[in-house]
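Q: The chain contents come next:
Number of protein chains: 4
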Amino acid sequence: MRVAVVGGSGFTGLELLRILSTHPEFETAAATSRSLAGEPVDERFPGLDTGLTFVDPADLPDAAVYFTALPHTASMRHVPGLLKRGRVVDLSADYRLPAETYERWYGVEHEAPRDAVYGLTELHRDEIAGADLVANPGCYSTGAILAAKPLFEEGVVERAVFDSKSGISGAGASPSSVKMYSSVAENVRPYSLTDHRHLAEIWQELGGGEPSSRIHFTPHVVPSLRGIETTAHLFLDGDPGDLRGTYEDFYGDDHFVRVVDTVPEPRYVRGSNFAHVGGFERSGGRAVVVSAIDNLVKGASGAAVQNANLMAGLPEWTGLEAPGSVV
Amino acid sequence: MRVAVVGGSGFTGLELLRILSTHPEFETAAATSRSLAGEPVDERFPGLDTGLTFVDPADLPDAAVYFTALPHTASMRHVPGLLKRGRVVDLSADYRLPAETYERWYGVEHEAPRDAVYGLTELHRDEIAGADLVANPGCYSTGAILAAKPLFEEGVVERAVFDSKSGISGAGASPSSVKMYSSVAENVRPYSLTDHRHLAEIWQELGGGEPSSRIHFTPHVVPSLRGIETTAHLFLDGDPGDLRGTYEDFYGDDHFVRVVDTVPEPRYVRGSNFAHVGGFERSGGRAVVVSAIDNLVKGASGAAVQNANLMAGLPEWTGLEAPGSVV
Amino acid sequence: MRVAVVGGSGFTGLELLRILSTHPEFETAAATSRSLAGEPVDERFPGLDTGLTFVDPADLPDAAVYFTALPHTASMRHVPGLLKRGRVVDLSADYRLPAETYERWYGVEHEAPRDAVYGLTELHRDEIAGADLVANPGCYSTGAILAAKPLFEEGVVERAVFDSKSGISGAGASPSSVKMYSSVAENVRPYSLTDHRHLAEIWQELGGGEPSSRIHFTPHVVPSLRGIETTAHLFLDGDPGDLRGTYEDFYGDDHFVRVVDTVPEPRYVRGSNFAHVGGFERSGGRAVVVSAIDNLVKGASGAAVQNANLMAGLPEWTGLEAPGSVV
Amino acid sequence: MRVAVVGGSGFTGLELLRILSTHPEFETAAATSRSLAGEPVDERFPGLDTGLTFVDPADLPDAAVYFTALPHTASMRHVPGLLKRGRVVDLSADYRLPAETYERWYGVEHEAPRDAVYGLTELHRDEIAGADLVANPGCYSTGAILAAKPLFEEGVVERAVFDSKSGISGAGASPSSVKMYSSVAENVRPYSLTDHRHLAEIWQELGGGEPSSRIHFTPHVVPSLRGIETTAHLFLDGDPGDLRGTYEDFYGDDHFVRVVDTVPEPRYVRGSNFAHVGGFERSGGRAVVVSAIDNLVKGASGAAVQNANLMAGLPEWTGLEAPGSVV
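Chains as they are written, first to last, in the numbering used here: chain A, 8 to 334; chain B, 8 to 334; chain C, 8 to 334; chain D, 8 to 334.
Calculated directly from the structure, the hints in this document are not laboratory data. As the structure is a computational prediction, the values presented were derived from the model and not from experiment. There may be inaccurate statements among the hints.
Only some residues are given here: those of chain C computed to face chain B with a beta carbon under 7 Å [what the hints assert, rightly or not]:
(1) L59
(2) V115
(3) H117
(4) I175
(5) G179
(6) S183
(7) Y188
Cβ coordinates follow ideal geometry from the N, Cα and C atoms, glycine included.
In isolation and in its complexed conformation, chain A is listed as follows:
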């Protein structure tokens, strides 16, 4: 099956190319980049082994599935046209929220709303398989939702605080002061203390979509290339019984969510599409659940391939078998 990557030179686009280069069923027909058109991908990014040359978006060939790895607002200008040619997995924020919610959080008018399925596979597997447009979730959203969904389903969460720590690759590839080694190393940088945009997705998937004083989120950048650790501080107003059991029941059929006996750490999922969920300690009315993902894989490009696999009728782990890291 032919797929194409629209926006191939950012971190999520490159990570798609990395994953797709060993996918046994997908043939990557093209990777677009306006600025790098004509350059061999593997010379510009010597870690890759794709055999491709970047093409201008105007020269995009036909494909069954298009991955759009573009900044928000850029995606909405490409997606409608692509939907006439095939199906789309969009890695931007443009189709994750209802249009009016999107406009409120992102402060721009949505030029091209379309029906889309929110692409957190574990929650929307069946709709994803049949969708024409899948909106791949935000990286923080993925970590937070997976850490808490089973207890929200039980209806026992009175209040949730998600405190997340991310590697810097989540901020993208373009140079800026806060992404320099001298700003990131030996440091922790909290930002968007109360109003990061991924909170809108968390509210949508955990809280019914309305602004909620029950669900809070603060992100931080830590000195890492990849990885998001999310500490979910969950205040309970009911008794879920055995916490681990509740999670094991909820994720029982999910290939990529592993309920672990230890406290999850990002190092163990580095390079893989696995999400680890664990911790499960309780005291004083609070349960602490921890999740760990690789923000570029399960938090972005791996999840996009997982969704495309479902759309293609393949097992969702096809081409995503790489385990995590041992060091």
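Based on these hints, arrange chains B, C and D on the given structure of chain A.
A: Just chains B, C and D now, with coordinates in the frame of chain A:
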């Protein structure tokens, strides 16, 4: 004035020796180390410039103030004897809590309870100046208490969650698996999810000392040598008015607590005794306040010298003028 | 084809298990660990997805190829027995050198010399395919030899200095002071300034095996988990003509050695079995050639699988298709 | 004595402000920054504690010594005017080399040559004390020259290769792709393999100033904020006798050069003006000597203050007493 460091070969002991080596009023009479006795300090630790040779604890000379930089339970075996010879600033946990509270949290019998002042200078300055025994606070406790005390004083905090991220030096100098580069780099490690021992100090200073379901704490190790960032998620049940103003009023006279306009980051306090407090965003009933300290300076050895300065009648910043870092 | 990993709990053993878990032709029959026998591999090391449980070496099942990932001197006690049951790829140093050379460099008696092929695939491909015992090269040796072999073959190297910078995983998994985050981060540690044991392999493959004042080597540890960068300072006494052309000719058929247009950096080969060679600047009689490998893959476990593939009659890249990294 | 920092917002300018803020004899009259004029220094860079506000260069007040921390070519436009008002320590490259040598290496015309003393204190102490213009050395040059000067003085060096590893702060504060965390972390980047500009200074101080095929240099960036480790591979054609003794004799009177018993590591000099020199192993005609400095202190701003101290008739260590680091 002669001072001595008892337990000079751990990270807090060495950091004391580093700070004291340029102190204009204190003369470091000795540094003890059972295992390194006879070795020149500056050859074993070539970053130092003390001119000292480690001595066995049995050969400890007289001093006006003894800094005990020992593991907990070791301190209680040395402090009573030292108090007969002079005054003591203890960097261990042994004298931070009432004996029965200590025994409950540390799971050992307290062999030698003594009256001590809790050495968070900004809260107990006057008692410290006259004390014979000062119990220097825990590093996490310092970061958490400084981030929230002004709002607790206002009586408007319904619930607090302290989510702290620390460099690995807080775990000490002895080799172990979790301190290896391969365990710490490119990772985040949450631990003691609900019951870290420093919580007892936080309860004591913010909550009246009783076990409290209002005050929660979870620590994490991030890939850094030094530094603690604490994100205080403070749920308010009253209106403190202007948050920044409340903090500026509270810390108005404090040399080492700087209420900053930005969100504090550990990189700016690296190597210094300053604590930065800032953030001050509010939404949905939650205020987020962030503090940043160097865990080995304001979180340990710098605070100890700050206290010793007060005990000696010196300005508390004597020998602690080093600013933070620019890179 | 059934393979087994003898010594599965060190870094090279674990990396073997990581690579083998997605190998399409090899079935990993067992991983041994004396200390972890009975523990599920994927619970102890949650980054892995092997489905195995560690077994005691005494319970090692039959396999066609055994990978011995043991410390030197431990290997020589296992290899003779294993050779009676199948073929062996030994990742230790025990079979890389003639016995008397080994004894001189390692300071121990060789208890069980056997004929072995030096397993740098690119130099000894044909012998490896037919060998019963392959001695997998040292990580530094691999980086140095690949960086210089084409010019040594041309006979134009008067003197060579290899200055190598390695991630800390090369030092193994057991805790020690020099491997702590506090010793490795924000630092560079040169060691074995003139006599690192891998020099014996470099002499063997580049200089005919005799002690040589023409070939020098100094290793360093830099703050990285993985990766070796080797700067080969090559003083020439003849004219090799076009440097890049010489290397392209030499490595023309080699799947895993990529002669690049840029200066190689370890980040691009992270997680992959590729070696990048490039640089090729000349001035004042010196040529500078740079190589980059992942010390745990091309420098150890990936090279071992590459060799086992050849021994099994498979394309040498089977199961090793993972590209390098984009971030 | 009043001093001023011209170009106060780059890394060397900021490091000057950090050091000068606790200097007991120098009063920092001003720090200039065209882009930040009017901004309080300590709010823009919260690690600092200067009490200053950036001023426009046009408003530079009088001072006895001006530190020019400007890019090369910018310095030559300011220095002549400043020399009419006082003495100058220039941290740029503009006055380190004879004008024609400068023009050849930097590819620009020198608009304003002036007599200057090369400011490597240990080699030119007496001329510095009386100079009006001191050209502060390059960071790599400092590390390389200090590592080898004693053996060059002995006339026994046949050939030298300096292989240096630097933290990224040496590349300055302006954002660019190669300075991003994602480019620097978990990586080693060799660059300017044969022709880095600091080589001209090394030739000048070690080789008589002529292009030399005896003296070679290759720099690398490693994942560190600060620090330069230089491995000097020194091929000897004479016998210097006891290496360490030769170095101890040469540096006997130098406060800031410490000949150590171990192999120097940058972590021990972090934040300090000390240079450590050690290693001293020999084999096969090669001696290996290692030096470690903090590139922003002894490699730049600390050395500048050391020189200004001499110019002011003060002990050269005034305000530079800070020891290195213990962690």
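Q: Sort out which numbered hints this structure fails and list those numbers smallest first.
A: 1, 2, 3, 5
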